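2 protein chains.
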Amino acid sequence: MQTLSVNLGDRSYPIHVGAGHLDRLGEFLKEAGLGGKVAVISNPTVAQLFLDPVHESLIEAGFEVTPVLLPDGEEHKNLASLTVIYDRLISERFERRSSVVALGGGVIGDVAGFAAATYLRGVPYVQVPTTLLAQVDSSVGGKTAVNHKDGKNLIGAFYQPKLVLIDVAVLRTLPRRELVAGLAEVIKYGIIEDPVLFHLLEQNIEKLIERDLELLTQVIVTSCAIKARVVEADEREDDYRAVLNFGHTIGHALEAVTGYKQFLHGEAIGVGMVKAAALSTQRGFCDPRSFDRIVQLIRKAGLPTEIPGNVSMQSLIQGIEVDKKAAGGKIKFIMCEGLGKTRFHWLAPGEILAALRA
Amino acid sequence: MQTLSVNLGDRSYPIHVGAGHLDRLGEFLKEAGLGGKVAVISNPTVAQLFLDPVHESLIEAGFEVTPVLLPDGEEHKNLASLTVIYDRLISERFERRSSVVALGGGVIGDVAGFAAATYLRGVPYVQVPTTLLAQVDSSVGGKTAVNHKDGKNLIGAFYQPKLVLIDVAVLRTLPRRELVAGLAEVIKYGIIEDPVLFHLLEQNIEKLIERDLELLTQVIVTSCAIKARVVEADEREDDYRAVLNFGHTIGHALEAVTGYKQFLHGEAIGVGMVKAAALSTQRGFCDPRSFDRIVQLIRKAGLPTEIPGNVSMQSLIQGIEVDKKAAGGKIKFIMCEGLGKTRFHWLAPGEILAALRA
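Sequence lines, in order, name chains A and B.
Numbering follows my numbering, in which position 159 of the first sequence is assigned residue number 159; successive positions increment by one, without gaps.
Numbering follows my numbering, in which position 16 of the second sequence is assigned residue number 16; successive positions increment by one, without gaps.
The hints are simulated quantities; they were obtained by calculation from the structure and are not laboratory data.
Computed from a predicted model, the values in this text were never measured in an experiment.
Don't take each hint at face value.
Claimed, not checked - Pulled a few chain B residues facing chain A out of the computed Cβ check, cut under 7 angstroms:
#1 90
#2 148
#3 240
Unchecked claim - Think about it this way: if two alpha-carbon atoms lie no more than 20 angstroms apart in a straight line, the pair counts; the simulated EDC-like pairs of lysine to aspartate or glutamate are:
#4 149/A to 321/B
#5 37/A to 321/B
#6 330/A to 95/B
#7 332/A to 92/B
To be verified - Derived list of chain B stretches under chain A, where covered just means 3 residues or more per stretch with a C-beta under 8 angstroms from a C-beta of chain A:
#8 116-123
#9 154-162
#10 219-232
Just so it is clear, CB atoms sit at the ideal spot from N, CA and C, and this is done for glycine as well.
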């Protein structure tokens, strides 16, 4: 097992990465100073696979466990699911020293984290991500949120977990499509920060998809370390943290416009990264060779690279405008400068539209 | 005009107290570094009295103003009102640099503050409290929340405003009953921290109720200074800040049990303080002479001092148990030790019940 740490003063926490240590969750919670009541927020699919070992481990460590299952899917990342959690925490008389465990993918982590951030003005929570996407991205850094009907993650809080437990072995049962979607965020880290990681992905993308646990552990540790460094530098996304949104401006809009049904988050980010790299190349920030490598790797991973014909560019631009990165009517767009380097560039929505149409 | 400050590192902010400086709001917002879009959250009663000068002042200072009116009353301090605000902020394309002004009493301040804390994971907000209660208590310290059907303030966040503007002149139009309710919190500061303030209240309670603006300014400044010191010492209520809940354990439960209809918050706190002082005296923490002075002052202010006959003690205890101050099944009860000093004492709900029945 490897342990990274996210250093944020009195909000610091460890990330434990390993294979097969899910059943040590109770022990880690105790180590983190937690005790008493704990709610495990999950969904039926994940619960069927992993709730038993988690539940048992928590009971063995002396916790009083309340499982709370939410329906599966991005469309349930909303205030209604939040209400389900609040109601249970209240009826089970959860107190300020009680805690919340998010056992699942990004939706569960975001909703459970926001519930923890706001129940009694904040109770401790722990992330146990069960998808690759959640392991390398959403479980680290304290962004919690629910969606609004007009946009993703519009309601939320910055609220750090007490610890993150990443068990790579859970990826064995993850559907291939979801694993590939998770690789989109790993590719993103390569593009924005780490040419060595990018090269490793170019060499080993098939092995990763075949779930080589050793390689998966390696790219997860590298990804989490990059994310931790970015979050440490700018926890509340006042500036630099926005670099993590590379490919997300267009990606988020694409998800929204297609009703969160056609694309998994990582798939939309695949398209978004290709478009962001194309725009970077058009504007002269990215060299054509790096652009080709980016498109090739995204395609090789099996991720989509094009905006489908049934999506109108105008609706996409409207989606971008409502996205929270807008400020003063301009969009803070993240351009890549080849591999491993980025720059911010303010664009009017119309300029993005022109580039998408080109 | 007097300016106090709440010192919380990068979350520090000023409290401007004066009479008749409501129309300088725009100027203060600019001074605080705010600009662009601003939503003024209020209710129809307050808006009719004060929205015009506030609106004009913001426009003059170059802001783009969106008024959002919520229905009046504690029963609207809920997720539904929050949704009204989110919807407006989104439809008006509010961005991370946009801001929120809470123009109203405690309900408006708490809901608007929580909306600001959670919209786009946090936008700046400003408190312009228009009731005495909000001026001396809820507008300072960054507690934001909405109620759950099973209890008050169960969903919320600690989120500090960028500034607080207290215009004592707005109290001229405040209904007498609400002014008196606000005095309950002022009396509380005297009991927990400041015998001199307590004595001043004993001497001048009638003049305060007759709205002597000079005296009101004096007690508001003293109250805010006490609150600021407590919040600086323990922003997230890990321990000491709970002293501000003197009288609130029973008071909150009384409000909940009577459906937030029979008592104003300050009135319930009046009863709660008498009962807390009685319990403190029974347990030997408070001398009988101080107890008498506390009861006399609360009565002289015109606040209720007794639990009404139609409220069952059992339901009151259930209300206390769900209150967020519970931990490990015991209640962190704030006892007064005469005037100006307090101590925490852990009590089982049954022990409180026994004392209430005595």
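Going through the hints against the structure:
A least Cβ separation of about 5 angstroms between residue 90/B and chain A falls short of the 7 angstroms threshold, and the interface hint therefore holds. Taken as an interface hint, residue 148/B checks out: its beta carbon lies about 6 angstroms from the nearest beta carbon of chain A, inside 7 angstroms. Below 7 angstroms, beta-carbon pairs count as interface contacts, and residue 240/B has none with chain A, the closest being about 15 angstroms; its hint is therefore violated. Only pairs whose Cα atoms come within 20 angstroms are accepted, and residue 149/A paired with residue 321/B is rejected, the gap being roughly 36 angstroms.
Using a Cα cut-off of 20 angstroms, the hinted pair residue 37/A and residue 321/B holds, with the two alpha carbons roughly 16 angstroms apart. Pair hint residue 330/A plus residue 95/B holds up; C-alpha atoms about 11 angstroms apart against a cutoff of 20 angstroms. The hinted pair formed by residue 332/A and residue 92/B meets the criterion: a straight-line CA distance of about 19 angstroms does not exceed 20 angstroms. By the rule of at least three residues with a Cβ nearer than 8 angstroms to a Cβ of chain A, the coverage given for the stretch 116-123 of chain B holds, with 6 such residues.
With 5 residues carrying a beta carbon less than 8 angstroms from a beta carbon of chain A, the stretch 154-162 of chain B meets the three-residue requirement, and the given coverage holds. A stretch counts as covered by a chain when three or more of its residues have a beta carbon under 8 angstroms from one of that chain; for the stretch 219-232 of chain B and chain A the count is 0, and the coverage is violated.
Consistency note: the structure conflicts with the earlier hints numbered 3, 4, 10.
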